[in-house]
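Generate the whole structure from the sequences, applying the supplied hints.
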Amino acid sequence: FRLQEGKSASTPIDTENPLLKDPDGENVDVHTYRSMIGSSMYLTSSRPDIMFAVCAYACFQVTPKASHLHAVKRIFRYLKGKPNLGLWYPKDLPFDSVAYSDSDYAGVSLDRKSITGGCQFLRCRLIS
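122 is the number that full-length UniProt numbering gives to position 122 of the sequence shown; each next residue is one higher, with no gaps.
What the hints contain is simulated information worked out from the structure, not anything from laboratory work.
Every value quoted in this text rests on a predicted model; they were computed, and no experiment measured them.
One or more hints might be untrue.
[As the list claims (entries may be wrong)] Computed cross-link-like contacts, DSS-like style, restricted to lysine-lysine with a CA-CA straight-line distance of at most 30 Å:
id: 1; residue 1: K65; residue 2: K7
id: 2; residue 1: K82; residue 2: K21
id: 3; residue 1: K21; residue 2: K73
id: 4; residue 1: K7; residue 2: K73
id: 5; residue 1: K80; residue 2: K65
id: 6; residue 1: K7; residue 2: K21
id: 7; residue 1: K21; residue 2: K80
id: 8; residue 1: K65; residue 2: K21
id: 9; residue 1: K82; residue 2: K65
id: 10; residue 1: K7; residue 2: K82
id: 11; residue 1: K113; residue 2: K21
id: 12; residue 1: K80; residue 2: K7
id: 13; residue 1: K80; residue 2: K91
Here is the structure:
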């Protein structure tokens, strides 16, 4: 994605400027944007610190604008500055993963929407 040069970012998402639809923004190549999102999604298994930002930017895959592309590039700049963060999975230890989920179908009495939730543990530690 031609991001070898440039400075790193301290956070994966800009906390000062919220990301909006930007209907008047300049269109960018959809294939490039989706490739960047896909690469970021792959990294979320070992880098849960970028999960929120990647999912937030994935919502704009249909018609990405220049502002969205700039925001996705921030994730890569963040990863460049923090290469040693993440979950490491040693091959000599067992991969004990446990997941729990809960759902309440039509549980909200006002609009009858369903509520779901869940959590995952890796070696007795909550990871999501």
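Results of checking the hints against the structure:
For the given pair, K65 sits about 22 Å from K7 by alpha-carbon distance, which is consistent with the 30 Å threshold. Distance restraint check for K82 and K21: the Cα-Cα separation of roughly 29 Å lies within the 30 Å cut-off, and the hinted pair is therefore satisfied. Distance check on the hinted pair: K21 and K73 sit about 17 Å apart at the alpha-carbon level, within 30 Å; holds. Note on K7 and K73: the hinted pairing holds, with a Cα-Cα distance of about 11 Å set against a maximum of 30 Å.
Note on K80 and K65: the hinted pairing holds, with a Cα-Cα distance of about 23 Å set against a maximum of 30 Å. Taken as a hint, the K7 and K21 pair is honoured in the structure, with Cα atoms around 26 Å apart against an allowance of 30 Å. Taken as a hint, the K21 and K80 pair is honoured in the structure, with Cα atoms around 27 Å apart against an allowance of 30 Å. Pair hint K65 plus K21 holds up; C-alpha atoms about 8 Å apart against a cutoff of 30 Å.
Restraint check for K82 and K65: the C-alpha separation of about 27 Å stays at or below 30 Å, so the hint holds. Restraint check: the Cα-Cα separation between K7 and K82 comes to about 12 Å, which is no more than 30 Å; the hinted pair holds. A threshold of 30 Å between alpha carbons decides the hint, and for K113 with K21 the separation of about 25 Å falls inside it, so the pair holds. Taken as a hint, the K80 and K7 pair is honoured in the structure, with Cα atoms around 8 Å apart against an allowance of 30 Å.
Under the criterion of a C-alpha separation no larger than 30 Å, the hint pairing K80 with K91 is consistent with the structure, at around 25 Å.
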